[in-house]
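A.B. asks: Sequences and hints are given; from them, build the entire structure.
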Amino acid sequence: MRRAYFKNNWIAAALVLPQLLIIFVFFYWPTSQAVFWSLTFEQPWGGGNDWAGLHHFRELLSDSLYWQSVRVSLVYAAGTTVLGMGLALILALFVDRQLRGYRQYRVGMIWPYAVAAPAIGLAFRYIFNPTAGVMAYVNQVWDGIWDPILTGWHAMAMIVIAGAWKNIAYNFIFFLAGLQSIPRSLIEASAMDGSGVMRRMRDIQLPLLTPTFFFILVINITDSFTDSFGIVDTMTNGGPARATNLMVYKIYVDGFEGQNYSSAAAQSVILMVLVILLTFVQFRYIERRVHYS
Amino acid sequence: MKATFISAFAVAAVLGGAAQAQDKITFEYWYGLSGYLGDVVQKTCDRFNAAQDTYEIHCVGQEGYANAVQNTIAAFRAGQHPTIVQSFDAGTPDLMMSGQFYPVYEMMADYDIDIDWTDYFPGISNYYATSKGDMVAMPFNSSTAVMYYNIDDLAAAGWNRPPETWEEFEQILNDLDAVQPDHCHYGYSPSSWVDLEQFSMAHGIPVATRNNGYDGTDAEYVFNTTLHAKHMENQLRWYKEGLAEIKTTQGGLNTRDAFAQNICSFYFGSIAGHAGVHATAVEGLNWDVAMLPVYEGTERKNTVVGGAALWVLAGKSEDEYRGAAEYLKFLATPDSALFWSTNTGYIPVTLSGYQKMMDEGFYDKAPYKGREVAIESLTYTPVTPLTRGLRLGGFMQTRKEWTAEMEAAFAGQKPMQEALDVAAERSNKVLRNFERTYKGKTFP
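Chains as they are written, first to last, in this note's numbering: chain C, 1 to 293; chain V, 294 to 737.
Simulated from the structure, these hints should not be mistaken for laboratory data.
Please read these numbers as outputs of a predicted model, since none were measured by experiment.
Mixed in with the good hints, there may be bad ones.
No more than 16 Å apart at the CA atoms, straight line, and that leaves these computed lysine to aspartate or glutamate pairs for EDC-like [claimed, not checked]:
| no. | chain 1 | residue 1 | chain 2 | residue 2 |
| --- | --- | --- | --- | --- |
| 1 | V | 732 | C | 50 |
| 2 | V | 622 | V | 403 |
| 3 | V | 523 | V | 463 |
| 4 | V | 523 | V | 460 |
| 5 | V | 734 | V | 511 |
| 6 | V | 658 | V | 581 |
| 7 | V | 722 | C | 63 |
| 8 | V | 336 | V | 628 |
| 9 | V | 533 | V | 470 |
| 10 | V | 734 | C | 50 |
| 11 | V | 622 | V | 412 |
| 12 | V | 722 | C | 59 |
C.D. replies: Structure below.
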């Protein structure tokens, strides 16, 4: 294959420069700053910082409650990803079958992605409210069965549902696009050979959907680690008793509310490493099972 | 995180640019109060701008105390900070230690503005004063914790006065339970400010060693060993016995709203909620406020101030400082104090301001009647070494640790004593980190 290239490297560099500059200013510079803070005792108002070495990392990694935060983050990531992807896939498969009213249905499915996380949090806070919301009716029938105010796993279930609900729309768009790019002829041929709906899904649509599936998986997991803040902040504040104290929320609380900048920076670094690792693992081991054509 | 930083920067840059276009000397003030109270802050700014034409203050609401401090720090690091910032009580030690401010006692002296510093209530001034007694920040919205009670409910249970001791309080809860078993008696939500800080002040017991940190950054928390532990055990028991109910915003109604809507008979909270209860109370709610109860056998002490103070930050021009000094002077006039206290539930911070309001019969009539209880509580005894306030670094984190552990105890995950021990242990780590961060420094 013939490759096109610039003869003049300076022009190429000049064209790339704005992009590189943006990446440097908005990614590398803040990241290096966070790494630097994590290795020092940073005074919140400026005015000097002492070298701390790995002190903050040692403190965090020996803190059982920090590991608890990692644990609930993983539970949240797994919960929202499985729920969000599972439901989105089912919905996309149905829309793809072009059942009656699927156009309106498709638009309706895409909307929720445009809703901001705190707004979702507020809406679900009402729905799951044990005394005033929709769940209050359930509580009237079985007294005290739903109590996210004091019961940790209820609160966790609540934010998982809210987080998954937000992702469903996004996942749905991609799944539907993936399904629609599968040649109709394949499905029709299979139908003529006598295979039913379920069989066609299992043998043709799902295998051909794996690249989309993989992409969505990476995005969902990364998203659940970094973009869960708004939901936790409006729905639970990390409580009750730290049951929903996700890593990203803990960074906010320790750093911005507690003004412990160095520990928060160390937590950001750990979170960054964790997300990089997870993405690496996914590319290394899961991508092998992906068929691109 | 970076977005906050950048937006704060952008806002500051835009406002700064706009300000330069005018002839008046302009300066900025960032405040944390939001909603109705934020609107009243804005009105104080409008009043100042209308009262003179040399200076113009730009007041920018930051939606919450924590946000105001966070955004100011971000702006400060970029050199785009406001001249004045409103910082809440728990942030005092951190700001004090930073040294990045212009102490108000110094500023007022530098600009020849005469302020009678002894006029401030000791329970307020000590919170914001150096070890020598010089005030580094200007107390602004000041409150203290009080007990809100429903007069009719108490009467139904045979009590024609509020409880003075916690023993009486428990008795009343039981009496209420006998006459109106389906009613919520005590709307509760763990609050470090009420249950730990104000409680310890009223009982004259330490929250931490070294006189609550005033004598050095090497203080250690001891609240898990004091009467506070017994008090929390009692509150937990009341909850388990069905005498108290948890009421939180996340749960639909917070303690104050539950009280105002006649759902609960008691709640403890800031006197600043007084106006709010009035505004939202259901028709015919017959209620009043009283000082926090104390345990039998304790000699009641003064409580301390909550709320926020105004700090003048370092690195501004002389003109801006002169404007800031004029604004603070304007706020300290009895007229402004009256305006502020009338429109909010906050109390006047000076004796003369209080005197003026007493003389005018402010507290005799509803809806303001009852607010004088806060002053009574703040000035109940002369300030002792243990009731000056708290000088404990990273106290916002300590509040969080305490609350999380109390939630664990109320959810039945662990015994109360264990929860308190863990809270104290983790809070001590916060103190050690603070001590290490400001190694070799002492509070001014």
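A.B. asks: Can you give the numbers of the hints that this structure goes against, from lowest to highest?
C.D. replies: none
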